[in-house]
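Here's the letter readout for the chains.
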Amino acid sequence: MSAGADHGTKPMMDQLIVQSLILGLLQGGLYALLAVGLSLVFGILRVVNFAHGEFAMLGSFAAVFAVTSFGMPAWAALIAAAAAGALVALITNVVVLRPIYLSRMRQKGEYTIIATFMLSQFLIAATTVLFGTTYRNLPGLWESNLNFFDYVYLSGNRLVAFSAAIVMIGTLFWIVYRTDTGRAWRALTQSPLGASVVGIDIHKYANYAFLVSGAFAGLAAGLLAPLMFVFPSSGVVALVKAFIVVIIGGMGSIGGALAAGLLLGVVEVMGTIFVASGYTDAYGFALMIAVLLLRPAGLFGKMGRAI
Amino acid sequence: MSVPIEITDLRVAYESDVEILRGVNLCAAANTMTAIIGPNGAGKSTLLKGVAGVAPVTRGEVKLGERRVEGLPTVDLVKAGISFVPQESSVFGQMTVAENLRLGGWHRRSERDWLNQRVQACGALFESIRPYLERKAGDLSGGQQKLVEIARGLVGEPSLLLLDEPTAGLSPVMVREVYRELARLKERRSVTVLLVEQNVREALEVADRVYVLAMGQNDTEGTAEDVSERLESIVRNWMSREGSGVVS
Ligand SMILES: Nc1ncnc2c1ncn2[C@@H]1O[C@H](COP(=O)(O)OP(=O)(O)OP(=O)(O)O)[C@@H](O)[C@H]1O
Ligand SMILES: [Mg+2]
Numbered sequence: 001m002s003a004g005a006d007h008g009t010k011p012m013m014d015q016l017i018v019q020s021l022i023l024g025l026l027q028g029g030l031y032a033l034l035a036v037g038l039s040l041v042f043g044i045l046r047v048v049n050f051a052h053g054e055f056a057m058l059g060s061f062a063a064v065f066a067v068t069s070f071g072m073p074a075w076a077a078l079i080a081a082a083a084a085g086a087l088v089a090l091i092t093n094v095v096v097l098r099p100i101y102l103s104r105m106r107q108k109g110e111y112t113i114i115a116t117f118m119l120s121q122f123l124i125a126a127t128t129v130l131f132g133t134t135y136r137n138l139p140g141l142w143e144s145n146l147n148f149f150d151y152v153y154l155s156g157n158r159l160v161a162f163s164a165a166i167v168m169i170g171t172l173f174w175i176v177y178r179t180d181t182g183r184a185w186r187a188l189t190q191s192p193l194g195a196s197v198v199g200i201d202i203h204k205y206a207n208y209a210f211l212v213s214g215a216f217a218g219l220a221a222g223l224l225a226p227l228m229f230v231f232p233s234s235g236v237v238a239l240v241k242a243f244i245v246v247i248i249g250g251m252g253s254i255g256g257a258l259a260a261g262l263l264l265g266v267v268e269v270m271g272t273i274f275v276a277s278g279y280t281d282a283y284g285f286a287l288m289i290a291v292l293l294l295r296p297a298g299l300f301g302k303m304g305r306a307i
Numbered sequence: 308m309s310v311p312i313e314i315t316d317l318r319v320a321y322e323s324d325v326e327i328l329r330g331v332n333l334c335a336a337a338n339t340m341t342a343i344i345g346p347n348g349a350g351k352s353t354l355l356k357g358v359a360g361v362a363p364v365t366r367g368e369v370k371l372g373e374r375r376v377e378g379l380p381t382v383d384l385v386k387a388g389i390s391f392v393p394q395e396s397s398v399f400g401q402m403t404v405a406e407n408l409r410l411g412g413w414h415r416r417s418e419r420d421w422l423n424q425r426v427q428a429c430g431a432l433f434e435s436i437r438p439y440l441e442r443k444a445g446d447l448s449g450g451q452q453k454l455v456e457i458a459r460g461l462v463g464e465p466s467l468l469l470l471d472e473p474t475a476g477l478s479p480v481m482v483r484e485v486y487r488e489l490a491r492l493k494e495r496r497s498v499t500v501l502l503v504e505q506n507v508r509e510a511l512e513v514a515d516r517v518y519v520l521a522m523g524q525n526d527t528e529g530t531a532e533d534v535s536e537r538l539e540s541i542v543r544n545w546m547s548r549e550g551s552g553v554v555s
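Residue numbers (the working numbering), protein chains in the order written: chain A, 1 to 307; chain B, 308 to 555.
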């Protein structure tokens, strides 16, 4: 981002567009990774998980401690982030959510929103009490700046993070469309009653979905940590990004989350460079509002239900 | 491998604690077809849902052969040989008809050859859906989707089949296809069937015994011939009761 828009010549402008497009896509891949689990869980259980951002936050803390307290290498810290996210997500499902959807009360959906919101507040408070509000940093996997075609500048960390995100989302696609677990998830998404009468074990596959959801959120946060900071309320930003992605892409859609994540990244970077810097978060909201006004079911409409 | 079923004092309540099913008794020998009729809201669907584990049983007993099964999770009930085709749509709309059928054998999915053969056999059961096995189920007509659900319910070779208004909303041609298959099942003596029906006449033709439910309880019962003869007075009785609907 060293090139300024005020150089004015046509080729410079083109180069700036290419540079910001690439930066946007790299950022967007991480948004998609962050959001896709939220979407998966919503599709399968109709649970809007307000604690999703804290899965990410706790994942990044795990990564930081893996490096600073245990001296692990950066790649192992990422595994720690995914494992921590997955574990917290699994516990959330078993301890907080399952009692609600197993109960006979009405309006379970509303209760899950309240319960996950309270859990999110609790996790932020607990993390603050235990670890303080210090902004922490994490070393990346590839601390170098790369230069392509003379004018595209990228940090190695961003490239690694994007590649990991795309590989993970690709793996999720493979799981969803090629494995029994994926078939069970799709069945649960398309007809909970149908899934139940053919004998699909909702508890087992809900657990799997939470494991994936938490692992992806934790990993995304671990990959973002070298580019940003780690602190107890960082999950709030993560949740907002994930919600924007899920609303744009359609609740329950994995392909939608991927496309919407990339779109959000590009819109944020383009807005920051070409409109005005300092409003990065606002461009995402503007995009979301535009989508809600024009296509309330998400950009991918009916496809949104297909997971 | 069909089994007898014995239901004793079955009670079911949904979210609130109001019991919708208030002590129903029903007995069906192995390989028989039992029709369950009654006015709208009588609790026919609730009875099947209670047996299938889809609605919460609050009291009572369901014996499948010698085994008590009430309150078991649906996963175990399916493994025990119960197949439920609900009244509401339960098709997987974004999957093909063939994929829907394949999921009907979910509990035995590791037996590849058996499952392939079952999917093929059940895909061929109904002429109205046979040409559309590779179409998305959600793109078929409502009646065709119902046939997909019935076929899916047969894939797992159940020993107890629970059918909730399988012919509601079907064209006359499709209704005939369903009843032809029910007659075939009966002939093969491989499954016990509980059949909830609004098409009372058709149901009585294939049924061995008939149970009449009203207001969440047993109203009357008898052999198909017996109930056919008394049908008019039975229906008149429903209509005289408060809050009961009318039957076609
Ligand atoms: N999920 C539910 N939650 C609460 N009440 C329900 C639920 N499903 C059904 N009921 C109530 O239970 C009663 C019996 O419903 P049920 O569907 O068993 O009747 P039915 O005999 O199958 O009627 P129909 O012929 O219209 O299908 C009705 O009064 C209905 O309002
Ligand atoms: Mg009914």
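Incorrect hints may have been included.
[Unchecked claim] So, partial list: chain A residues that the calculated Cβ filter (under 7 Å) puts toward chain B:
#	residue
1	R106
2	G109
3	Q190
4	L193
5	V197
6	V198
[To be verified] Listed next, the stretches of chain A that the computed footprint assigns to chain B, with coverage defined by at least 3 CB atoms under 8 Å from CB atoms of chain B:
#	region
7	50-64
8	130-139
Hints were generated in silico from the structure; no laboratory data involved.
Cβ atoms here follow ideal geometry from the backbone N, Cα and C, with glycine treated the same way.
Against the structure, the hints come out as follows:
{"no.": "1", "hint": "R106", "verdict": "holds, 5 Å"}
{"no.": "2", "hint": "G109", "verdict": "violated, 13 Å"}
{"no.": "3", "hint": "Q190", "verdict": "holds, 4 Å"}
{"no.": "4", "hint": "L193", "verdict": "holds, 4 Å"}
{"no.": "5", "hint": "V197", "verdict": "holds, 5 Å"}
{"no.": "6", "hint": "V198", "verdict": "holds, 5 Å"}
{"no.": "7", "hint": "50-64", "verdict": "violated (count 0)"}
{"no.": "8", "hint": "130-139", "verdict": "violated (count 0)"}
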